Amino acid sequence: MITLRDLSCSYGDRIVLSHLDTQFEEGGFYAIMGANGCGKTTLLRLVAGLLAPQQGTVLLDGTNVLQFSARQLAQRMAFVRQHPQTDFEFSAFETVLMGRNPYQHHLQNESEADWQIVEQCMKHTNTWHLRFAKPNEMSGGELQRVMIARALAQQTPILLLDEPVSNLDISHQFEILDLLRQINREQHKTVLLVIHDLNMAWQYCDRLLLLHQGGIQYQGPTHEGLTLDNISTVFGVTANLQGDTICLSPRH
Amino acid sequence: MKRKTHILQYFLFSALLLAIMLGCSMLGAVRFGWQEMWQSPIFLNLRLPRIVLSVLVGAALSVCGAAYQSIFRNPLTDPYVLGISSGASLGAAIAILLGLEAYLLGIGACALATGLLTIVVIYRIASIGNRMHTTTLLLTGVCLTFLISAIISFLMVLNHDKMDSIIFWTMGSFASATWRDVVIVAPVVLVGIGVVLYYCRDLNLLLVGSETAKSLGVEVERVKKVLLLVTTLMVAFCVSTCGVIGFVGLVVPHCIRLICGPDNRRIIPYSIIFGGLFLLLCDTLARTVLRPAELPVGSLTALVGAPLFIYLLYRNKKGY
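Protein chains in written order, with the numbering used here: chain A, 1 to 252; chain B, 1 to 320.
I should point out that these hints are in silico values taken from the structure, not numbers from a laboratory. Misleading hints may appear alongside valid ones.
Every beta carbon over 10 Å from chain A, so not counted as near; a handful from chain B, in silico [to be verified]:
hint : residue
1    : Gly33
2    : Gln39
3    : Ile94
4    : Ile167
5    : Tyr199
6    : Leu216
7    : Val218
8    : Glu294
Here are the computed distance ranges between Cβ atoms for each label pair [stated by the list, open to error]:
hint : chain 1 : residue 1 : chain 2 : residue 2 : range
9    : B       : Pro187    : A       : Gly62     : 44 to 50 Å
10   : B       : Met171    : A       : Glu112    : 50 to 56 Å
11   : B       : Cys143    : A       : His83     : 27 to 33 Å
12   : A       : His83     : B       : Glu101    : 49 to 55 Å
13   : A       : Glu25     : B       : Pro187    : 54 to 60 Å
For the chain B half of the interface with chain A, some residues (derived, Cβ under 7 Å), not all of them [to be verified]:
hint : residue
14   : Gly194
15   : Val195
16   : Tyr198
17   : Glu211
18   : Glu221
Predicted model, so just to flag it, every value in this text is computed and none were measured. For every residue, glycine included, the Cβ atom is placed at its ideal position computed from N, Cα and C.
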């Protein structure tokens, strides 16, 4: 369970998050939503222990995340960045194999079991055919899927994903979200997902954390939270519900 | 299975290096037969320590270059380009002026102090923002080198009498290598290489980015600090015995990377072997081409290294 207590974070004078209090339950599938620059990525980085908050704490099962070693954290949480770096020459297979790093000692080589886990994760994310490809030989979407495969290879109970489907075409968006939901249901992994697409969030995520101006606009079940009022406040657009689909138009 | 093949290759190439060391030791201004070689003081006290030292320094500089290239995520860095070698040579010059030559670790300790100061300046600048642009990094190194050579020139003008021995440090040469130098350098280099080998996997992850490395279980700040300290220690002790020798740490890992890919678990062991071999061959050329006169080995490594590097850069424009 991840608990945020009175969490505040700012970059210079700009306050991004102020006095956040919330909880992410074990096995939940959470969507973190909000307008651009509202602190979604910052929130994920704080949870992942990559950033120290100015105030407050992030507790992972009751312990401050900053007290864990990098290795301990990497065995508990996997983090997929929004923009993966591509300026290296490791093949997709080698990249995914790096996900096994938290389980290996310095002078130990990868075992047969590690190789099998990597193969399985790459097949799950439909990237096995890309295993010899270098980052500059892959499309943005393919690279994104390789990064998700690496996060799966970490075999952590918690997955943090920063807009993992933003680079993907619609069929791969469904594929990845189906996969994440399947992992969530079958292996009871907690998934925290920053996502922009309201319909996808509606369809896949059980719980919603809606951020607005540094605070929490809404937290709770997605279906109750994605109200036309909330959407209108957070994104500054007019929202209509047509059947099961949310239709948006600019506010004039 | 795969690992066994690699170990076999390391073993074979190491044997090759040993054979070439032996071959090079027979070349020179004075030639020996196999029998008289092992009794000759010229061979035992002059040539042999020189050959051992050149291999040690070559291995150390190459390993340091490979480590810097991963830490700074930039294939164009090495101890010379970053100005760390020059920084260490300033310490060596100061030690000579203070008369610390007599102490076993006197020059090494001073070289370490100024070398560390240089790396702190570079690391501070490199830590601004997520990643440093190649141009900024290289220009910082060039500027530091200029600054340091200005200070050294200033020191030389003020101390005419010791000018010769200071010039030696800025040029780079193994001509005065002794067993004492080997005894000073060998432990530092061997331990240093051991530490870098220990962190090979972390170096791979650093290449993918600091934040990603951290989320994959690398204690990024600690690993960087340990490696920068250890590599600067190696560079400082190398510079304190043989002066500034450039391009070894740049060319050797780069060539290896082109052949066997970006994995530091391959690059570092091969850098040890081929870095040693490269500097050994350069030094052998330096002392035999114009015998009995000598070329400065630093100018030879630059002569071989710089054009090769430009060619590699041209062929492999995309960098990493």
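Tested hints:
{"no.": "1", "hint": "Gly33", "verdict": "holds (44 Å)"}
{"no.": "2", "hint": "Gln39", "verdict": "holds (43 Å)"}
{"no.": "3", "hint": "Ile94", "verdict": "holds (37 Å)"}
{"no.": "4", "hint": "Ile167", "verdict": "holds (41 Å)"}
{"no.": "5", "hint": "Tyr199", "verdict": "violated (7 Å)"}
{"no.": "6", "hint": "Leu216", "verdict": "violated (5 Å)"}
{"no.": "7", "hint": "Val218", "verdict": "violated (6 Å)"}
{"no.": "8", "hint": "Glu294", "verdict": "holds (40 Å)"}
{"no.": "9", "hint": "Pro187(B) - Gly62(A): 44 to 50 Å", "verdict": "holds (47 Å)"}
{"no.": "10", "hint": "Met171(B) - Glu112(A): 50 to 56 Å", "verdict": "holds (53 Å)"}
{"no.": "11", "hint": "Cys143(B) - His83(A): 27 to 33 Å", "verdict": "holds (32 Å)"}
{"no.": "12", "hint": "His83(A) - Glu101(B): 49 to 55 Å", "verdict": "holds (53 Å)"}
{"no.": "13", "hint": "Glu25(A) - Pro187(B): 54 to 60 Å", "verdict": "holds (55 Å)"}
{"no.": "14", "hint": "Gly194", "verdict": "violated (11 Å)"}
{"no.": "15", "hint": "Val195", "verdict": "violated (11 Å)"}
{"no.": "16", "hint": "Tyr198", "verdict": "holds (5 Å)"}
{"no.": "17", "hint": "Glu211", "verdict": "holds (6 Å)"}
{"no.": "18", "hint": "Glu221", "verdict": "violated (10 Å)"}
Violation of the numbered hints given earlier is confined to hints 5, 6, 7, 14, 15, 18; the remaining hints are satisfied by the structure.
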